[in-house]
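Q: Since chain A is already given, all that's left is putting chains B and C on it; use the hints.
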Amino acid sequence: MLKHRVIPCVLLKDWQLVKSIGFKSFRTIGHPTSTARIYNARNVDELIVLDIDASLNNKAINVEIITDIANECFMPLTIGGGIKTIDDIYKVLNAGADKISLNSQPLENFGFLKEASSLFGSQCIVCSIDVKKTGGQYKVFNKKKGVLDIHPLTLAQEYQKHGAGEILLTSVEAEGSCNGYDIELMKFFKNKLHIPIILNGGMGCPNDAVTAIENGADAVAAAYIFHFSRWTPKDIKLALAENNIPIRLGA
Amino acid sequence: MQFCNKCVMPNTKPDLHFDENHICDACRTQSNKNLDIDWTQREQEFLSLVKKYKSKNDYDCIVGVSGGKDSTYQVLKVLEMSLNPLCVCFEPTIPTKIGRKNLENLNNLGVDLIHIKRNPIVYKKLAKEAFKRTGDNEWQHHLGIFTIVPKFAVKFNIPLIIWGESPQMEYGGPASSKERHTLDRQWLEEFGGLLGNRISDMVGVDGLTSHDLSLYNYESDENIHKVGVTGLFLGYYFKWDLREILKKSKEHGFSVADKPVETTYENFENLDCYSNHVHDFLKYVKYGFGRATDNVCLDIRLGYITREEGVRLVNKYDGIPPKKAIQEYLNYTGFSEDDFFKIVYSYTNKRIFKRNDNGEFLKDIDGSLIRKDEYIVR
Amino acid sequence: MSILSGNKVVIIDYQMGNLRSVYKSFKKNNCEATISNDPYIIKNANKIVLPGVGSFKDGMKNLINLGLVEVLNQEVIQNKKPFLGICLGMQLIACKGYENGESPGLSWVNADIVKFDFEKNYRNLKIPHVGWNSVEHVNHNNLFKNINNKSDFYFVHSYHFKTNEDVVTSITNHGINFVSSIQKDNIYAFQFHPEKSQDFGLEIIKNFIQC
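These protein sequence lines map, in sequence, to chains A, B and C.
Per the numbering used here, the first sequence runs over residues 1 to 251.
Per the numbering used here, the second sequence runs over residues 1 to 378.
Per the numbering used here, the third sequence runs over residues 1 to 211.
Just chain A, same shape as in the assembly (with noise of 0.2 angstroms):
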């Protein structure tokens, strides 16, 4: 049976690779090569590398360290970070890359999104909603434009419609401080889509992942938690299986 996954997701800047807190401070995890090594090394299920000074500052496209990670990852890997154009994601995947992350881009034109997945696939497209809660309410949350008056789910299933492959949901306030992920935002989506999401933004301990599989995560992304705290993607695997959840546990 198919098993839920353990995503480490990481941000790359300034050439290093980084965990943001609550997308304001950041923290520096280290060489993009020898992260990549050690994830390779712990059997992480896949890794998702979002390149931050391509989307926020406009850079170009860092191909020369998304080569250099690609060259690492015997395990799916998949980037994001200033996908703009067709162009663009041609030069992603054939840097290395298995799938690539869209975040700004289809928020503006679905039928960018539409040609992405006509060209090279759905199962090759990830949709990325970062998600605020203001007033109470879920809305989703743009690095440029700011808060925006869509709910999440509501653009999920237009990104679902439109042909996106995998939905990676970030809880902004969540992310980085290790207190558990959004399982309130979580539940919106159980049972309400027909592609898979995976919960990124908080995990803590082990037991954040199982609570929020429990919930209707099909993976559970985080990356703080694997560098400064003790738990390892094993350990969250293995409190997965002892919750009966199916994981892979390697050889």
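Honestly, the hints are just simulated from the structure, not real lab data.
Any given hint could turn out to be false.
Capping the alpha-carbon separation at 27 angstroms, the derived lysine-lysine pairs in BS3-like fashion look like this [to be verified]:
hint	chain 1	residue 1	chain 2	residue 2
1	C	Lys24	B	Lys132
2	B	Lys342	C	Lys8
3	A	Lys192	A	Lys143
Predicted model only: the values in this text are computed from it and were never measured.
A: Chains B and C only, in chain A's frame:
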């Protein structure tokens, strides 16, 4: 790449921030150190904290030592305060003669010293894999120090660990804070610098079992709390000036090298281990600054040299591959020179250093990498 | 080309991606494979790999336009060179694909490529089938040497291989039990991605190199 306008540290250093005047936060902290801090008061604080731990047991505190100038100074300070320390040394990766001599000297200051000669077969396997996987050939040594000292603290029932320099200027150590009082596992993860790799991730490497690696397992939270293992950073309570420290250590028998140590212009640091010089070389290729830059920045901040002199020293000494240390490292690990450099280049910074059309890094006659113009400090 | 071992592996580039990771997985096994769509190079290779992700229709179209169908038939069917099909590369050896209408495949195995359909049953299951899933051995496959039964491999696909021919070597469950690998003489094909399945995946590549 930007360089601090005061010292010469580049912004490629992880977690270093520059203000609007391009001054790095280490320089700003140093200015605070000079102006704002009442060192007498800090010393009093230290003495009153330490009084709690003065023990009817065998030892008042535990100190991790290498025999270097810093640990010599730490021991001297601790003895001055009439504390009886247990010193613990985790054997360096590739010990040098002068390093051994300095460790003897430290022992002769009049302290009990446990010199841990860990299983060399296991250690070498860890060392080789750590180098390949993390790009830090001393990863296993950092891990060793951070786990051994608390382990012995538990085994000998010594709650207080005295560390040297504070990783953050504002931080005295868990013993001084009201929350997060103990040096538990979480503390290690915050400060250990383990790059995301854990000892459990090394099981299976070259046949290593978890039993082989038991020395490197952190003590359980239960044991840590039972003994109440905690720590203080001397560098928070006493002004940490490397040349003052050197002077004092030398007065008490510490020996320096008779010429500058490889990778820098100084002759008094990193004397105990060849592998450390390789570590500094790796730092240089990854981030574009090495030990010479570190030394220059400290000297500038402490007022011993001008920035202009610092720039000259960095351009002269930083980045020269430590030939002797590399040879020792190859002899120790059994890596061929080709394999060694293949790994080094997989970590080398493509932004900073020049490459030819085939993507190979260009080198100078002394073997140093060549920096692109915009990455040379001026 | 890995001259010492006598292996000349060609990874077919028919513009359906997935080339680098497959190349890397061979390289990790000390085999320098060649990425090409030159019929001359394919003729001179002694092992052929057909990777790929994306649509069946586009895949076949590209194979035809690049003039690769004849040389593949000749080298794999007539000359019986070891062939490894991965993901789309497995699906293309079937007779028919049903993505965006019907299209013919290479017809090396009597099979159809159909979409997962969870309208009636298993409605909570997701399409595409993406993630790690168990591969249950049902028949011998040379490339399963040293691979534990029911090990997890990485899948990412919306269509699956349906056949009655006695070539099925493993099944995997996603609502239904679908075919995850086949072996027909010199033809080996896997729905999952060995090049993305870490240790066991690399073992499969190694077994192919050594077969």
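Q: A separate judgement is required for each hint: does it hold in the structure or not?
A: Cross-check of the supplied hints:
{"no.": "1", "hint": "C:Lys24 to B:Lys132", "result": "holds, 18 angstroms"}
{"no.": "2", "hint": "B:Lys342 to C:Lys8", "result": "holds, 26 angstroms"}
{"no.": "3", "hint": "A:Lys192 to A:Lys143", "result": "holds, 26 angstroms"}
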